[in-house]
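Trainee: Residues per chain, in single letters:
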Amino acid sequence: MLHQIALLAVVTILGVLQQAYFVMQVISVRRKCKVSPPVTSGPPEFERVFRAQVNCAENFPTFLSLLWVAGIFSHQVLAAFFGLIYLCARCQYFSGYARSAEARLGPLYISAGVLCILIGLSVVGLMAHFVSL
Amino acid sequence: MLHQIALLAVVTILGVLQQAYFVMQVISVRRKCKVSPPVTSGPPEFERVFRAQVNCAENFPTFLSLLWVAGIFSHQVLAAFFGLIYLCARCQYFSGYARSAEARLGPLYISAGVLCILIGLSVVGLMAHFVSL
Amino acid sequence: MLHQIALLAVVTILGVLQQAYFVMQVISVRRKCKVSPPVTSGPPEFERVFRAQVNCAENFPTFLSLLWVAGIFSHQVLAAFFGLIYLCARCQYFSGYARSAEARLGPLYISAGVLCILIGLSVVGLMAHFVSL
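Protein chains in written order, with full-length UniProt numbering: chain A, 1 to 133; chain B, 1 to 133; chain C, 1 to 133.
Wrong hints could be hidden among the right ones.
Cross-link-like lysine to aspartate or glutamate pairs, in silico, EDC-like; alpha carbons within 20 Å at most [stated by the list, open to error]:
| hint | chain 1 | residue 1 | chain 2 | residue 2 |
| --- | --- | --- | --- | --- |
| 1 | A | K34 | C | E47 |
| 2 | A | K32 | A | E45 |
| 3 | C | K34 | C | E47 |
| 4 | C | K32 | C | E47 |
| 5 | C | K34 | C | E45 |
| 6 | A | K32 | C | E102 |
| 7 | B | K32 | B | E45 |
| 8 | A | K34 | C | E102 |
| 9 | C | K32 | B | E45 |
| 10 | C | K32 | C | E45 |
| 11 | B | K34 | B | E47 |
| 12 | B | K32 | A | E45 |
| 13 | C | K34 | B | E102 |
| 14 | C | K34 | B | E47 |
| 15 | B | K34 | A | E102 |
Every beta carbon over 12 Å from chain A, so not counted as near; a handful from chain C, in silico [unchecked claim]:
| hint | residue |
| --- | --- |
| 16 | A20 |
| 17 | Y21 |
| 18 | F22 |
| 19 | K34 |
| 20 | L78 |
| 21 | I85 |
| 22 | C88 |
| 23 | G106 |
Heads up, incomplete: computed chain B residues facing chain A, CB under 7 Å, no partners named [claimed, not checked]:
| hint | residue |
| --- | --- |
| 24 | L2 |
| 25 | A9 |
| 26 | I13 |
| 27 | P37 |
| 28 | P38 |
| 29 | A57 |
| 30 | F60 |
It is worth saying that the hints were derived from the structure and are not from the lab.
No residue lacks a Cβ here, since even glycine has one placed at the ideal position from N, Cα and C.
Whole structure, please, built from the sequences with the hints as guidance.
Mentor: Quick look at the structure:
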């Protein structure tokens with residue numbers, strides 16, 4: 001049974017490593033801009049990196065839910081593939097947001113599009129499951 | 001085996017769609033109140049909608065954890081049923097909070113009550129599992 | 001099959017109860033410091049407890065992901081054991097942060113170390129799985 005979820009687990013671990021990388025970027029910009037916890041406001045440069053990390057963390061449970069439902073009920077390889085694209089788009093989103101608020105928009109739309117594809121895969125897989133009962 | 005988790009997956013996808021709806025409400029109130037990211041403070045109307053979305057997102061992993069543990073170890077249909085009630089309560093919470101901070105309280109108590117029921121289902125299911133070993 | 005995940009489910013429920021406890025601490029300090037939602041800024045005492053709760057909530061999906069992947073692909077008892085240590089470290093982190101920003105650092109490093117161990121367990125388990133194919 002494990003081979004039906006192993007790729008999903010790999011993408012999950014990669015996502016966790018990405019979250020850790022984003023947190024370390026926030027720690028780094030906190031030091032650079034001299035903004036110590038628990039303060040979360042500061043120069044625009046700090047606030048952009050901070051918000052980028054918060055936004056990626058906020059979307060992580062949604063992403064994992066779709067990755068696993070799509071992968072289990074529809075097609076594991078497809079779900080894992082789109083999961084990797086999502087993680088790449090989130091990397092671009094993070095580095096874009098660190099530069100300027102506008103530069104986050106393109107990768108944000110791509111990551112939203114990938115989530116829509118994973119929703120589609122999930123819905124098709126679940127419908128096929130219930131029809132076949 | 002999929003039929004033992006299909007209803008949980010359906011409620012999960014509905015929860016994801018609800019999260020997406022809340023995020024779109026924040027985007028809409030950001031435009032209306034002219035509060036551009038990364039700023040997260042502004043007029044009370046914006047701050048209420050923003051906090052409502054953050055609170056729902058923060059509770060989403062907790063909700064999913066309880067939904068799945070209760071559904072797998074206790075009773076799938078019951079867990080999915082209470083999951084739907086939770087999502088309805090969260091909709092009421094969100095629209096209530098958008099009106100006033102007080103109007104969020106009733107649905108918040110309902111959603112907390114549903115989470116308590118799911119905790120109860122999970123604990124009973126896990127205890128039954130360990131006793132039957 | 002349930003016996004392969006029952007301990008992970010127990011640690012998950014304990015983690016959910018811990019999240020609920022942290023949220024109740026925030027409600028309590030909100031009352032004490034007279035900071036009503038949706039406001040999230042106030043005296044340092046309130047901001048430290050609030051940030052402690054937000055930080056623990058933000059890391060909860062990451063923790064659960066690692067707990068389950070490590071437990072399923074590597075060793076359930078080991079993963080559940082380190083999961084319990086993580087929850088203890090988070091308790092120390094929360095009560096430390098409530099006292100002072102510096103007092104959060106020790107338990108934060110312990111919790112990060114436990115997550116690294118769970119990443120290691122996950123990677124070893126996944127590599128063993130793919131090699132054995």
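Trainee: Kindly indicate which numbered hints from before are broken by the structure, ordering the numbers from low to high.
Mentor: 9 and 12
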